[in-house]
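For the sequence shown, this note's numbering gives the first residue as 89, with consecutive numbering after it.
These are calculated hints, taken from the structure and not from any lab test.
It is possible that some hints are incorrect.
What the hints assert, rightly or not - Label-pair ranges, simulated between beta-carbon atoms:
id, residue 1, residue 2, range
1, Q585, V469, 43 to 51 angstroms
2, S406, V663, 43 to 51 angstroms
3, R661, Q732, 26 to 34 angstroms
4, P381, E519, 18 to 26 angstroms
5, G626, Q732, 35 to 43 angstroms
6, S172, T149, 18 to 26 angstroms
7, Q188, R657, 41 to 49 angstroms
8, E625, K703, 17 to 25 angstroms
9, Q732, R415, 24 to 32 angstroms
10, G637, S146, 16 to 24 angstroms
11, K416, V663, 49 to 57 angstroms
12, T214, T149, 20 to 28 angstroms
13, A213, D784, 19 to 27 angstroms
Note that the structure is a prediction, hence the values are computed from the model and not measured.
The beta-carbon is built from N, C-alpha and C at its ideal position, and this holds for glycine as well.
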Amino acid sequence: MVAVFVFILVAFGAGVVRHMLSQRAQTHRLEQLRSTECLAQALAVLALQKLAQEGTGSLRTALAAPPGRLADSPRSPIDLRDESGKLKFRPLVDALLAPQGEFSALAATCTWQVLARDFGAPPDATPLDRLYPAGKTGHLHLHVDLWYRRGTQADTTETFHFVVPCKVTPALLPVLSKFTLYVEKAAQPGQPFAWNRVKSDEGGRVAPDSPTPLVLFNGKDNLAACARLTSLEDLVKKPVGLVYLGGGPLTLFLAYGDCGTMNDPCNFGESMHFFQRARESAPRQWPFYQYRPAQPFSAEGAVGSVYHLAWDRGHCASEAYTDPGTRKWLANFAQHPHASWLGFNSLFRLLGPDSYTRFSPTLVLGEVSRGFQRGKCFKVVAGSVGDPFGFNPWLTSQEFTTRTLYYDRCPQVLQAMLNMLAPPPVSTSYEEYRDEFASTLVETEPYNHSLAFFASQYGSWAPRDPKAPNPVTTIVNGDPLDELVRPDRRPSAPFHQIPGRYAELAPGKDLTDLGALLDLACAREDRYAWVIDGIPEGSDWERELERRGLLTRTANGLDLNLNGWVLFRKLDRLVVKDSLRLLSDGGIVLDEGDIAISRPVQPTSGTILYLVARKGDIEVAGNGPTQVSLAARGTVTLNNHGHQREWGDRVLTVVGSVAAGRLPLDPAFKGAGISYLPELSAYPGAGEERVCVSLDPTPVLVGN
89 MVAVFVFILV AFGAGVVRHM LSQRAQTHRL EQLRSTECLA QALAVLALQK LAQEGTGSLR
149 TALAAPPGRL ADSPRSPIDL RDESGKLKFR PLVDALLAPQ GEFSALAATC TWQVLARDFG
209 APPDATPLDR LYPAGKTGHL HLHVDLWYRR GTQADTTETF HFVVPCKVTP ALLPVLSKFT
269 LYVEKAAQPG QPFAWNRVKS DEGGRVAPDS PTPLVLFNGK DNLAACARLT SLEDLVKKPV
329 GLVYLGGGPL TLFLAYGDCG TMNDPCNFGE SMHFFQRARE SAPRQWPFYQ YRPAQPFSAE
389 GAVGSVYHLA WDRGHCASEA YTDPGTRKWL ANFAQHPHAS WLGFNSLFRL LGPDSYTRFS
449 PTLVLGEVSR GFQRGKCFKV VAGSVGDPFG FNPWLTSQEF TTRTLYYDRC PQVLQAMLNM
509 LAPPPVSTSY EEYRDEFAST LVETEPYNHS LAFFASQYGS WAPRDPKAPN PVTTIVNGDP
569 LDELVRPDRR PSAPFHQIPG RYAELAPGKD LTDLGALLDL ACAREDRYAW VIDGIPEGSD
629 WERELERRGL LTRTANGLDL NLNGWVLFRK LDRLVVKDSL RLLSDGGIVL DEGDIAISRP
689 VQPTSGTILY LVARKGDIEV AGNGPTQVSL AARGTVTLNN HGHQREWGDR VLTVVGSVAA
749 GRLPLDPAFK GAGISYLPEL SAYPGAGEER VCVSLDPTPV LVGN
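Working from the sequences, and respecting the hints, build out all of it.
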C-alpha cells in the first residue's frame, strides 16, 4: 500500500515538474514574442514618423484619386537608415537592432501600402466633397518584417501588420483659394474715391510724402493665360488668382506711367491699362484713338477731314509734371468738378505695375470702376490749311461758346464745318459738348475693361492700328465675361457672383458674405486632423503642436509639419515669433482670437499653409517673402519693414492669398505685395486639388 502511495506521489511530482517546465517554456516564448512585438512597435512608430515627415509626397500621390477610382498600391519601402532627409533615425535604429540578450543578430524592413477597400467618401457628401472628391478617410497598412537569430538556432522571420488611421483633406479653402485678394467690405460708405491716396510722378515713382501701393501678382505666366480670352469659364479654369473688392461702388484711379521706364523697380505706373502700349521693339506708341468717325469737309478750296481723337492716361501728382506740354494737359480738366483728384491714384495695383516681368492681368469682381483722364481733341487734315490740332477742355456752361473749339486754330474752315457736319463737331448745346466732345475724368468705366485691353493688345505682339483700338475682340458676345468688360453692358454684369463651377461649391451663396464662405470648410469638424479645445496654463500653440509631433524646434527656428488641418477652439492670440519652415501642406484655424506674424514663413517645394482667424484679425509684419495664405473675418494688416519706394526682395510679400473682412485704409501705408500661389487654383471637378494626408501617430497592431 505504501509502495502504491509512493508511486502515485512520484508520478504526480513528475507531472508537476513537466507542467512547470512547460509553463516556463511558454512564458519564455511569450517574453520572446513580447520583446519582438515591442521592437516591431517601436520600428513602426519610427517608420510612421519618417513617412509623415518625408514620404507624404508618394503617399499623397497614391491617395490623390477619389474613393471610387482609388487603386491598391504596391508595398513601398521606408528606409529608416536613410539620412538624406530631415529626420536622422539611423543611430536609433542601429541601437534597436544591435545584438542583445539572446538575439545574436537582428534586422528589419518596413513597408507601407494603400488598399482601396479601406477608404470611403463621407456618408453625407456636400458639394465640397463631390467637387473636390479626393477627400476621404480610411487606414494605411504598415508592415514590419523582423528577422532575428537566437543563439545558434535557425533564423526566424516574423511579420507584424499594423494599420494607421488616415485622413485626406483638400489643402485649400473652397472659393476663397481662387482669389489673390478678397475683401468683403473694401468700399467706404458714401466714399467711392477713398482708396485714392497715392501721389506719383510721370515715371510711376511714388512721392516721399505718399503711401506706397499694394501690388498684386496674380499667378505665374498669367499674361499668356489672359491673352485671347473667349469666356469667363476660359479664364477661371486657368491658374490665375482673381480679385474681389466688395461693399459697394468703388472707383480706383489708375496711375500715370512711363512705359519707357518699364524695368525701373521704382515704377508703379499703370500705362498698360490703356492704348498707350509698351513693347520691346517700340517702348512708346501713338496713344490716340478715334472715338467717333472722321468727318470730311470742303470749304474755300480746302478739302480734308476732321478727326475726333482721344487719349486715355492715368493720374499723377500735378507738381510732378516736368514737361511744359504735360502741364498744359492738366488745364483741360481744371474746371472739372472732381479736378482735386487729378493728383492722386489708388493704393492698389490690382494687375501689377508697368513691367513686362510684372504684368499680371486678372478678373476683378465687385462694383469696381477704373478712373482716369480722357483728353479729347480734334485734328484737321487738309493740305492747304496745314494740320490744326487741339484739345477740347472741360468747360463750365458759362465758358462754353460754339467758337471755342476750332475758331482760333482754323477759322477758314469753321463755318463750312458748322454747315456741313451732322452732327456738328461743336454745338449750341452745352450738354452735347460736355458729354460728347469735352475732355473729362472717367470714373464709372468697369475695371475689367483693362482686362479686355490685355486680352486683345498683349495677346498678340503684332502692332495694331492706333486709330482703331478694339479691346474686346475675342470674348463671346453674351458670355458673363462680356458683361463684365463692356461699359455698355455694365448694369447686368455679375459683380458679386461666384464665377464658374466655383459657384457649385456654395449653392445659394455669393461673394458678399465672407463668413458663409469660411464656414464651407472651417465649420466642418470632420476636416480637422486635430481639434484642440483649450491651451493649458503655461503652454502655448507651439508647445501644443510640438506635443502632437506637428512642430519641431531647430537652431534656425521652427519646422511645421501639419499634414492636415488643426482647429484651436480657444486661443486668444497666435504669434509667429520665430522663423517658420513648412514641411507639408495644412492649415491652422482659430475659432476665436487673432494671429500675428513677425517672422518669415519659408516653404519647401511649394507647400501650402493657411492661417485662418474666423472671428479675429491677422497682422503680418516684416520684409521679404513669406509663404502663407491668410483669411480673417476681421482685418488683415500688412506692415512692410522693407524698402518703401521700390519693388524687390526687400518688400513684404505674402506668397499665397489674402481674404479679409476689411483692409485698413492707412494713409501711411508703406507698400507690400501679394503673390498668388497657383497651387491654390484647383478647378472644381477637375481633380487638381492638392491634398493633406494626416496619419494617426500611433499604429495599431492587427496581425502577426
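Notebook entry, point to check: Which hints from the list above does the structure break, by number from lowest to highest?
Noted result: No hint contradicted; all consistent.
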